[in-house]
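Going down the list, the sequences are from chains W and A. Number 634 marks the last residue of the first sequence (my numbering); no jumps. Number 169 marks the last residue of the second sequence (my numbering); no jumps.
Everything labelled a hint here was simulated from the structure, so no lab data went into it. Treat each hint with caution, since some may be false.
[Claimed, not checked] Lysine-lysine pairs mimicking DSBU-like chemistry, simulated, CA-CA at most 35 Å apart:
no.	chain 1	residue 1	chain 2	residue 2
1	W	K215	W	K226
2	W	K487	W	K406
3	W	K306	A	K5
4	W	K406	A	K43
5	A	K92	W	K226
6	A	K43	W	K59
7	W	K306	W	K283
8	W	K238	A	K92
9	A	K43	W	K226
10	A	K43	W	K223
11	A	K43	W	K270
12	W	K406	A	K5
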Amino acid sequence: MPVTGRLLRIDLSHAAHRSETIPEHLMQTYLGSRGLNMYRLYHEIPAQTDPLGPDNKLIFGTGRLDGTLYPGTRFNVSARSPQTGLVGDSNAGGFWGAEMRFAGWDQIVLEGRSPEPVFIYIEDDQVQLRPAKHLQGQDVWNTHRLIREELADPDVQIACVGPAAENGVRFAGIFTNLVRTAARTGMGTVLASKNVKAVAIRGHQPVRVSDPKAFLTLIQKIEKHLQQHPEFASRKLLGTPRLLTSLNALGALVTRHFQTGHFPAADKVSGERLAAEYNIKNKSCFACTAPCSRWFMIHDGPHKGLYGEGPEFEPLGAFTARVDNDDLDVAMVAIDRCNRYGMDALAAAEAIAMLMELNQRGLFTSEDAGVDLSWGNPDTILTLLDLMAYRQGIGDLLADGAAKAAARIGPHAEPYAMHVKGLEIIQGEPRGLKGYGLGHCVASRGGDHLRAEPFFELSGDEAEGQRRFGTPKVAHPGNYEGKGKLVKYFEDWCAVIDSLNICKNTAVCMEGVPFETAAALLNATTGWTLTASDLQIAGERIINVERAFCMREGISRKDDRLPSRFLNEPLPKECGPSAGLVFEQDIMLDEYYQTRGWTREQGWPTRSLLRRLDLMEIESDPDFPNIEEGLS
Amino acid sequence: MLIKQITVDSSICCGCRACEMTCSFAHFEVFSTEWARIRIAKDELRGLDVPMVCQQCAHPACQRACPENAIIRNPQTGHLDVDSDLCIGCKRCGVRCPHLAITYVPDSGHPLICNLCHGAPECVLRCPTGAIRYESINQFLARLRFLGLDPTPSGTTPSRTQPEGADT
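Could you put the whole structure together from the sequences, leaning on the hints where they help?
If you want it as structure tokens, here you go:
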């Protein structure tokens, strides 16, 4: 029997909905979740669609492993991004994705715009648009509480936006389980633009797999691999904040807004300190037996009594080293505030750090801003978050994101907006982590590491580097050699992992699910007979569809660049192993394009590549640029 | 012999629900919280995760509530079995359970009561934090004493006051 998917299409303008079948060949060529979302994004959202208008579509997707015993599954949400105008796509762990699967849906497409504020309640096949006037302006935590009370069901899973999204902050996220967030590229802003406060979902249907015995054997094998992994204990104890001290030791922890890679106060704000003084117990995503999240409480000081889940490394590093703040409690309050307002903590911190650097250089002063912009000022950090979320005063400028804010301040400010294609760069220093830096350059959603996550460059395994990527040098983060091949491989891999919708910490960083295992998992789930090579090609296909979407919006090699600072300013001497490094952009891009089979001048796929990937339909799109034939 | 049960220390439960998935898969080869004999009750805003599972009562209220005597104790492990031929699906057992640890098969309406996987509970094997264990209640209490923990807020599962006349 063919394995088809079920799609729920909700027309918000007309309060109508219908279910559609996703044919098996699409399920096989795009695998699910991110892959299927990208297919739909390309084919259903024409070029130049207004990201915040009714014609943009917001697409939720789950993978075939959601709602099973696989340790740590997620959901993907995609649209044209109001931040970048390109691929908007973000995923989150927690429990929402599994519940969507229990409700029997593989994809949910939201179209149009509701005339009245609503929240969507989906219980299996039943769909309700419920009035949400009373929820307007409520923060993320209250929205969770109020919807669960209204539906009288503590187990209903909620994906919601906070006031930031409702006020049009361009980097607002979609929040589930309070803090598990599809944060990047402004998907919350798109949901709020459709007049939808939340999507509450509840399912009662069992999820079945085609070969239970083989599936269980695979899960046990993966769990054993994870438990024996050298990082297992520290990941469980510290979670992702373990990276703060290790990146600092490498001289690659973004500090003082990329002016250095070494944060002297790292030990005061580290994952180790959180574990010793703040953490109460582990928390976890759905069915994950390698739980890395934590429930914390602040026990002393002016912020005593604050509790919640987290934090993860990116926001923690962003609200400490990036803004030069050595007060851990202030960082925890800042992260909590971002979570309650419902906005991307990384984007918010970048906006603040950028202003602080502009102030340091006299390009935009405290007087201009109306707040004291000296480095690490705790009141400023918290005040700016309030102003941003409500678009008041200087916050109105920052709420469009660092790139747009710098453009409005003036050309002298633009080099200090640390973004790629409009999306803020993460907490890893591209000069000291060159594979990651290259990943930022070419990522379809902009300056973010999760499209590639080329952790192998941190391994130091030279023999394996030689074998897999043709040079031993690829195994060290400060080298540029082999990084084009490395990033291509990891991008394809991450596209597959996102399409199964499983956690990259375990599947990629801990190497729990290489292509072979991914194929075996998918086959045990569906009864298909896909090979590792089929999956690798599917990953490549997804990357090329995303590139095609970006090309239709005018993207080419000229846009695949980091801010010039990384190319011209060597990392200072306190950065230890990374001292003196700059980012060798062009040489890495050349290698990357060549490995991908993209043209050197434009960084575009050729016709022959699109044919090899079964993407011929893209060529016939009238908005698609004219591309070269290429060698077959 | 020593009667063991699944003990619960909710203070360290991470709320992953792997136990629910393991249970439904071990017994029915499906993944479903509806088909699981163990459930995690959550109060998300307070970070509370509480596994709810049969505590092997000495004088089970569910057994006494059953009008058909369909709930029978297994002499080997002490677990309760439901005789589906006798069960009429009246749901009185679940209503009376002081631990709210009984769920119902979605299609037949028969109760799902933990049967300890006949002596080796799969959920316990998969629990990543040790919040649920298969041990005697005395072992559980001894461990909490050893760790200096107060058992009342966290273990084993919260029970409610027995309704008046529940025994009759």
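### Query
Which of the numbered hints are not met once you compare them with the structure shown?
Numbers 3, 4, 5, 8, 12 - these are the hints that the structure violates, sorted from lowest upward.
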